[in-house]
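So you can see what is in the structure, the chains are spelled out below.
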Amino acid sequence: MNLKSLCATAFLAALLLPRPAQAQDEQAEFWSFMGEEAKNLTVAAATPETVFNSVSNVTVIDRAMIESYNFSSVSDALQAVPGIMVVRTYLMHNIPTIRGTLQEHYADKVLVMINNVPMWNAVTGEGDLDRVGIDAVERIEVLLGPASVVYGSNALAGAINIVLRKPNGKDTSLGRISGGLGSASGGYGGNADVSRAGGLYAWHGSVAAYTLAADSYNRAQPAYRFHDEAGAANSIKEYMNARSLNFTGNYKNNTVLINASHSDQNYLGNTITLASGELFNEVREAALASYSHDFSPDWGKLRYTATYDWQRRNIPRDASDNVRSDIVGSRFINTLNGRADLPRDLYAEAGGTYEYRYARRYLNYYSNTDTVQWDNSLNGRLSQESSVHAQFGCDKEHWKLLAGSRYTHNSGAGDNLSSRASAIYLFDERNSVKALFSQSFRSPTPFEQYFKPSPVTVVGNPALKPEKAGTLELSYLASRGRFFWHLTAYYAEYRNTIFRNLGDFVRDGTAYSNVNFYDNAPAYNSKGLEIEGRYEDKRTHAFLAAQYLRGSRGDARDVPAPGVFGLPGGRTWNFKYVPAYTVSGGLSRDIGNFFAASNFTGYGENCTLRGHIGAQLWADASVGYKKGDIRHTLAVRNITDREVLFPEYVRLRVVEEVPLNTGRRVEYTFEYRF
Amino acid sequence: MDSGTLIQVLSDYMRRKLLIPFLLALALLPAANVMGEDGTAAVLTEDAGPYREAFLAFQEEYGKTIPAYDLSTYTAMPQEKVIAAFGGKAATLDYPETSLLVYCLAPGIKDRPARRRTVAIPMVPAPGQALQTIRRIQPGLRRLAVFHTSGAYARYVEELSSEGRRLNIEIIAASVQSDADIPAELRRLIRDMDAFWLLPDPLLVNKETFTTLKYFSRANHIPFYAPTSELAKKGATAAIFNSFVEIGRTAAKAAKEDVRDSSTWYPEKINYSINTTESGYIRMNIPEDVLDKAETLFE
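The listed protein sequences correspond, in order, to chains A and B. Each residue of the first sequence is one higher than the last, beginning at 139 in the working numbering. Each residue of the second sequence is one higher than the last, beginning at 14 in the working numbering.
Excised from the complex, chain A in its bound form (with noise of 0.2 Å):
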């Protein structure tokens, strides 16, 4: 025997001394075993969380819930989200609007996000729910309050993450079609048309997986007669059409997301006058790749992700359809993001993030002749943004902490710090009480900054400052048999908010006098209480989620008469046009092969800038058989008939609110899985 193979065999005999327990009675190592061998793995696990123990408030719609309600979209399913409307501007649809952070004409004050890939206007800055159709949504999950020390900029009032099915089968394929015809009634006319199409296909090998979901929705609201601002009245039919495709492709530790779409709405103007384009499309397309590589370090997890996300809108700006704006951004961002794991349940995140922003254009032009009218000083304008992060926590039995911060660097906006900290006792696995503090910014856009059309509507300020936010929190979860409860009380400060100011401006030399431009708002606040209760078994899953909040009026100034119709001037500030109430709830019930649910939201009294709006309830329901792979539903949008109203809070001159649904629909759609 050689001197090697004794110290092999002296090792054997300290292996066999005895050992004070058998280690299979120890949980602790059988957790470890399972840990070592996951090391071993092509793809390791994400850190594993529950609602309870995430160190954020997040809120999740899953695939059962979004088919037990039949929910038709992204913004049809938020709904059920307390803390959560989605809302419109007289210029734009489905707008995510978190904890009553009213959101200009754009959507930028939340974060939209495609499998954790931001997606977001580089010119205007809004993301855009219907670039996913529903079909394709294996879950979403909402992060309501500040969240830029993970997500950086954006994310000033929360983050919607929609996350997109998966393969869930071995070398399985799945297939799926849906189609179904809407007609609406009421109102001045009716409409036909297909409401929903769409196929999925999933493919999962031994080492490569892939998702394929095509989807499109189609939403024409029944006839409403609109007032405009100058007194004329016409029979307006707005429609929501949304294709997509969305790709989602594994190998190995590598990961492809594509996202293409197209989507073709009505428009309610530059300007709330039939003269300037309501009669006609707006286009929005957009296309985003993004490809990630998971490392494994001995140290912990390693992932860098490159995205490339580009946008265009096309919009009408007058009552000929003669004169259009082609607007068209991209983004190009690199991330790197890593977390280790230390010693004594200590672990670090951290992360640098490098974005390239162009504006591309912004372009008025005459579409009879292609010939431009007007660049609007937003042509090839680049800017750069670069972050770094860091976060450290502490998971015990009971207790878990995490502290951080990112800081920002913008080309054209200066340098932020955001910092937050959690910190969580887990009374049990079911039973927890977090407490939260988290700060957010968001960097003006292009538009907000350089925007100078001809005639003038809105005059972009370069020296914006970034908006800021942030966020204290202190919520309850707990969960007894099939019951869930979620309790949040929340104190916000929004800081250098961007809004539209009126008044005199000097901008690169010229004067402007009584013009709108973009200005940072004074400091406000608002506290609220959010509740969110569930419940469910084999059969019967019910939800209701509402929410109160009290808004400060720091923000507040004065609108002038618009000289119109006798109509005086107001005040206006942010929390003027959000209900004090808002709430939600569904019940859906399985019998047999049969199936029903029914959903509804309601708002509370809501003002306008210069009266009020009553309470405003709206409901869906829905029936259906299925059996086997063939699943029929027949569904009724807003059962009531009534037209919902929303204020118009952009504009602030002759109109005083806009409409959310206008009456009632019928959808049937008919599903097959092969």
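Read the hints as simulated data drawn from the structure, not as lab findings. Please read these numbers as outputs of a predicted model, since none were measured by experiment. By construction, the Cβ of each residue, glycine as well, lies at the ideal position given by its N, Cα and C atoms. Check before you lean on any hint, since a few could be wrong.
From chain B, some residues computed to sit far from chain A (all C-beta separations above 10 Å) [to be verified]:
hint: 1; residue: K94
hint: 2; residue: R149
hint: 3; residue: R178
hint: 4; residue: Q190
hint: 5; residue: D274
hint: 6; residue: S276
hint: 7; residue: I299
hint: 8; residue: L310
Listed next, with one range per pair, are the computed distances between beta-carbon atoms [stated by the list, open to error]:
hint: 9; chain 1: A; residue 1: Y763; chain 2: B; residue 2: R273; range: 34 to 42 Å
hint: 10; chain 1: B; residue 1: S191; chain 2: A; residue 2: I396; range: 52 to 60 Å
hint: 11; chain 1: B; residue 1: R179; chain 2: A; residue 2: K676; range: 22 to 30 Å
hint: 12; chain 1: B; residue 1: I295; chain 2: A; residue 2: G671; range: 34 to 42 Å
hint: 13; chain 1: B; residue 1: S275; chain 2: A; residue 2: A573; range: 53 to 61 Å
hint: 14; chain 1: A; residue 1: A427; chain 2: B; residue 2: S191; range: 19 to 27 Å
hint: 15; chain 1: B; residue 1: R204; chain 2: A; residue 2: K390; range: 51 to 59 Å
hint: 16; chain 1: B; residue 1: E312; chain 2: A; residue 2: W169; range: 34 to 42 Å
hint: 17; chain 1: B; residue 1: E312; chain 2: A; residue 2: Y446; range: 58 to 66 Å
hint: 18; chain 1: B; residue 1: D305; chain 2: A; residue 2: A616; range: 35 to 43 Å
hint: 19; chain 1: B; residue 1: R204; chain 2: A; residue 2: G671; range: 18 to 26 Å
hint: 20; chain 1: A; residue 1: K676; chain 2: B; residue 2: T78; range: 53 to 61 Å
Guided by the hints, dock chain B onto chain A, whose structure is given.
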């Protein structure tokens, strides 16, 4: 404390804290290309927990002392004719092509190492045995959801499906990509399954997943079968498993055989444990004779 006790404590301390590291350090001496006298060597991913327990059983069954290497402190490359590997890291080393590789406790390995002669000892019981055991615990079982990631257990679930057809049990392949997908998959299957079984898949077996499954089982009165006795103790309805001792013994039997090709050896003895508190909570009636024969009853 009397002097005898003190000496005993010091002795234990010396043995655990000094002797073992000393011997380990000796073993750490450059030992590449070593060869045991018997032509068999063992490689452990780590000298701890299940790896150690299985190896001790291996050694006992094998009947001879063989060199053993701990990969957590030492990079070994034994050249013996037979290699017994304990753990995924140990199983995936690049051993000589002519050696017979017997590996176990590697629940995450998707593809059998590309070698001519390999014996895999799974952590899961043989499909037929497993289903028969679950059927005995739950006689009314018709639809069983099996949670796993598609990698390592895809073929096993196919075999389960095949056996299930014979036993009139529909196997629902609840294949997910990560533990994050489990809640949605549970909700998707809530009306379609009579029970669910979590396989020993390293990507899925963690405290959070276990908690989710345990409370889902309680809330919906659906039995939860776990991959180890300890999880039954902690709140699963029952556990269906091969003990680490049986796995080690089976590996030793394979190592002693003149195996010419690649194969899978399931341990002959299947174990099950039952948590009677949990089964009572979900109003599950388990036959008395099944309770009597359980490896462990947790009350």
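Status of each hint after checking the structure:
Residue placement check: K94 of chain B keeps its beta carbon more than 10 Å from all beta carbons of chain A (closest about 14 Å). For R149 of chain B, the condition that its CB be more than 10 Å from all CB atoms of chain A holds, with the nearest at approximately 23 Å. The non-interface label for R178 of chain B is consistent with chain A: the shortest C-beta to C-beta separation is roughly 17 Å, beyond 10 Å. Not every C-beta of chain A lies more than 10 Å from that of Q190 of chain B, the closest at about 5 Å, which undercuts listing it as non-interface.
For D274 of chain B, the shortest C-beta to C-beta distance to chain A comes to about 21 Å, beyond the 10 Å cut-off, and the non-interface label holds. Separation of S276 of chain B from chain A is adequate, the least Cβ-Cβ distance of about 20 Å exceeding the 10 Å criterion. I299 of chain B, annotated as away from the interface, keeps every beta carbon of chain A farther than 10 Å; the closest lies near 21 Å. No Cβ of chain A comes within 10 Å of the Cβ of L310 of chain B; the nearest lies about 15 Å off, and the non-interface call holds.
Evaluation of the 34 to 42 Å hint for Y763 of chain A and R273 of chain B yields a failure: the beta carbon distance comes to about 57 Å. Between S191 of chain B and I396 of chain A the Cβ separation comes to about 21 Å, which falls outside the hinted range of 52 to 60 Å. The supplied range of 22 to 30 Å is met by R179 of chain B and K676 of chain A, whose beta-carbon atoms lie about 28 Å from each other. A C-beta distance of roughly 24 Å is found between I295 of chain B and G671 of chain A, which places it outside the suggested range of 34 to 42 Å.
For the pair S275 of chain B and A573 of chain A, the beta carbons lie near 56 Å from each other, so the given range of 53 to 61 Å is met. Taken as a hint, the range 19 to 27 Å holds for the pair A427 of chain A and S191 of chain B, whose Cβ atoms sit roughly 23 Å apart. Checked against the hint of 51 to 59 Å, the C-beta distance between R204 of chain B and K390 of chain A comes to roughly 36 Å, which is inconsistent with it. Checked against the given bound of 34 to 42 Å, the beta carbons of E312 of chain B and W169 of chain A, roughly 23 Å apart, lie outside it.
Here the CB-CB span from E312 of chain B to Y446 of chain A is close to 60 Å, well matched to the stated 58 to 66 Å. Judged by the Cβ atoms, the range 35 to 43 Å given for D305 of chain B and A616 of chain A holds: they are separated by roughly 39 Å. R204 of chain B and G671 of chain A have their C-beta atoms about 22 Å apart, which keeps the hinted 18 to 26 Å range intact. In this structure, K676 of chain A and T78 of chain B meet the distance hint of 53 to 61 Å, their C-beta atoms being roughly 56 Å apart.
This entry does not satisfy hints 4, 9, 10, 12, 15, 16, going by the numbered hints stated previously.
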